[in-house]
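Quick mapping for you: the protein sequence lines, in order, are chains A and B.
My numbering numbers the first residue of the first sequence as 1 and each following residue consecutively.
My numbering numbers the first residue of the second sequence as 1 and each following residue consecutively.
Hints may be right or wrong, so weigh each one.
Now the stretches of chain A that chain B is said to cover, found in silico as 3 or more residues with beta-carbon under 8 Å [claimed, not checked]:
| # | stretch |
| --- | --- |
| 1 | 59-69 |
| 2 | 151-159 |
| 3 | 188-194 |
| 4 | 199-211 |
If you are wondering where the hints come from, they were derived from the structure by calculation, not from laboratory data.
Glycine residues also receive a C-beta, built at the ideal position from the N, C-alpha and C atoms.
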Amino acid sequence: MELTRNITLGIYLPGDTVIHRLDPRTKIIAGAILLCLLFLIKTYTAYAVFAAFTLALILTTRIPLKFTLNGLKPMLPVLAIMWLFQLFLQKPPGANVIFSFRFLEATDAGLHMGTLMAIRVILLLLITTTLTLTTSMVALTDGMEALLRPFRKIGVPSQELAMTMVIALRFVPTLAEEMEKIIKAQSARGVAFDRGNFILRTAKVFPVFLPLFINAFKRAEELIVAMEARSYTGGAGRTKMNGLRMNRLDAAAFAALLLFSAVMLILILSVLPSL
Amino acid sequence: MPINLAGVSYTYQAGTPFEKEVLFDISLNIADGEFLGIIGPTQAGKTTLAQHCNALLIPKKGKVLVDGLNTADKKTDLVKVRQKVGYVFQNPEHQLFKTTVGEDIAFGPANQKCSKTEIERRIREAMELVGLDYYQFFCRDVFALSGGQKRRAAIAGVLACRPKVLVLDDVTAGLDPRGRETILAVIRNLHREKKITIIFISSSMDEVARLAERVVVLHRGRIVLEGGVRTVFAQVDRLKAIGLEPPQITEIMLHLNQKGIAVPLDALNLDEALEAVIAALKRAGAGAPWS
Numbered sequence: 001m002e003l004t005r006n007i008t009l010g011i012y013l014p015g016d017t018v019i020h021r022l023d024p025r026t027k028i029i030a031g032a033i034l035l036c037l038l039f040l041i042k043t044y045t046a047y048a049v050f051a052a053f054t055l056a057l058i059l060t061t062r063i064p065l066k067f068t069l070n071g072l073k074p075m076l077p078v079l080a081i082m083w084l085f086q087l088f089l090q091k092p093p094g095a096n097v098i099f100s101f102r103f104l105e106a107t108d109a110g111l112h113m114g115t116l117m118a119i120r121v122i123l124l125l126l127i128t129t130t131l132t133l134t135t136s137m138v139a140l141t142d143g144m145e146a147l148l149r150p151f152r153k154i155g156v157p158s159q160e161l162a163m164t165m166v167i168a169l170r171f172v173p174t175l176a177e178e179m180e181k182i183i184k185a186q187s188a189r190g191v192a193f194d195r196g197n198f199i200l201r202t203a204k205v206f207p208v209f210l211p212l213f214i215n216a217f218k219r220a221e222e223l224i225v226a227m228e229a230r231s232y233t234g235g236a237g238r239t240k241m242n243g244l245r246m247n248r249l250d251a252a253a254f255a256a257l258l259l260f261s262a263v264m265l266i267l268i269l270s271v272l273p274s275l
Numbered sequence: 001m002p003i004n005l006a007g008v009s010y011t012y013q014a015g016t017p018f019e020k021e022v023l024f025d026i027s028l029n030i031a032d033g034e035f036l037g038i039i040g041p042t043q044a045g046k047t048t049l050a051q052h053c054n055a056l057l058i059p060k061k062g063k064v065l066v067d068g069l070n071t072a073d074k075k076t077d078l079v080k081v082r083q084k085v086g087y088v089f090q091n092p093e094h095q096l097f098k099t100t101v102g103e104d105i106a107f108g109p110a111n112q113k114c115s116k117t118e119i120e121r122r123i124r125e126a127m128e129l130v131g132l133d134y135y136q137f138f139c140r141d142v143f144a145l146s147g148g149q150k151r152r153a154a155i156a157g158v159l160a161c162r163p164k165v166l167v168l169d170d171v172t173a174g175l176d177p178r179g180r181e182t183i184l185a186v187i188r189n190l191h192r193e194k195k196i197t198i199i200f201i202s203s204s205m206d207e208v209a210r211l212a213e214r215v216v217v218l219h220r221g222r223i224v225l226e227g228g229v230r231t232v233f234a235q236v237d238r239l240k241a242i243g244l245e246p247p248q249i250t251e252i253m254l255h256l257n258q259k260g261i262a263v264p265l266d267a268l269n270l271d272e273a274l275e276a277v278i279a280a281l282k283r284a285g286a287g288a289p290w291s
């Protein structure tokens, strides 16, 4: 019974590869651009090119591919359900029915859309996981804060926002670990989590989630006190000892990204979406 | 109901960059009615070892037999195993979730599909065993209890499942002295009166010295010392070598030895120590040094 092992989101693996050394701002912007591209593309060819790029990216980080891919595991059931929904419920006019099961009818359009959606979500997860695996939390906050700074003038609390996001990410593994402990404690009192039908299993989440939420609130309160005890007063007047600095590496990364985006845009525009 | 561990090894997060081996080839037999203490410095693998005893963890290598049932066997009903071996976590917040103490204790027996009257009986029994007054605490909000009371409520929640073996994972950590003494008295009573096998993990050598019959010392995932509580704690040098502080009584006896008063090191409590010192002084033929 190990939950922690399947959660890669929010974990940072230190390393010394090109990706690790990039300025966090570069990585965040690049990630955002890649995600935008991901939502624009609609053909299998474009997805194949994008997947190849993602794979290359993951390999450059020298993090075992298996580890990154394991992070997808908990998402697979959700993806499968979403895929089935698309498959059976998408019925645009002119779609052909591939097969039917009682009142359910699967259309070719549904199959197409479901598959594209699944690929899209998988790639999205891989990109974000790669970002968090190669960027420490400190660097991520610094990056986000720097990127949000221009919006301070219109009243966006950039520092606080960045801090909130980073704390949320930071506590994902912690909460997973805690959940594992609670599941164990309740198993020791005779809950069989892997038994019973859907409704019975759903009822079994309460003995886990209630203590988990209560602990999360307690933890948040303790964290607030600990931060304030060390004179945290929010973003106002904070300075940095090591400011962020972009260098040639970042320029090269942006050049590569630009090139890739251009290729993707050509692919998107030249091949008319089949649907 | 014996528990046998044979060549048990365990690795956390196997197959990831965080892979960590915590147990190496552990073999251990826990007999019926025994009071076993497990000690060791932090990160020694105490909790990991204990969680093998009720199939919360399944060994990666070797096997664990609980009352003859192999926990790694797919056909073994793990719920039954966990019913026989209760496990109390260090942090009661990990298991208390109902609003009142009574409801929370009822959770275990309800999972065992006990009848209403049976559940009621077990709640009363469990609360009595841990010294929580039924009328006073049954309707009390669990989150309004003190640390020691919460822990007793958590133990009651496990006892209501009627386990034959009870694993206690550092249950006195972070309690005030009075709460600690109450818990220790409860545990001693469970062992003596109810004949429950106790597996007691603790970071306090004094507690283990006072309660346990046999002690296993873990260090970096291996058993480095094992034996009767007296023999283990008398080996002060070996305990110190792995970073464990022997019980205070043993320390005092050690100091007396260094001062030239030959006393045995295996005293476990004040009374025994006193007798040993008096005997040593008599042997020396001298009057008491303080007279």
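Problem - Outcome, coverage of the stretch 59-69 of chain A by chain B - at least 3 residues whose beta-carbon is closer than 8 Å to one in that chain - result: This one holds; 4 residues, not fewer than the three required, reach chain B with a Cβ under 8 Å.
Exercise for the section: Count the residues of the stretch 188-194 of chain A whose CB lies closer than 8 Å to any CB of chain B, then report whether that count reaches three. Expected result: As far as the stretch 188-194 of chain A goes, the hint holds, because 5 residues have Cβ atoms under 8 Å from chain B.
Problem - Within 8 Å of chain B (C-beta), three or more residues of the stretch 151-159 of chain A - result: violated (count 0)
Problem - 8 Å C-beta test of the stretch 199-211 of chain A against chain B, three or more residues - result: Answer holds; 4 residues pass the 8 Å Cβ test.
When each numbered hint is compared with the structure, a violation occurs for hint 2 only.
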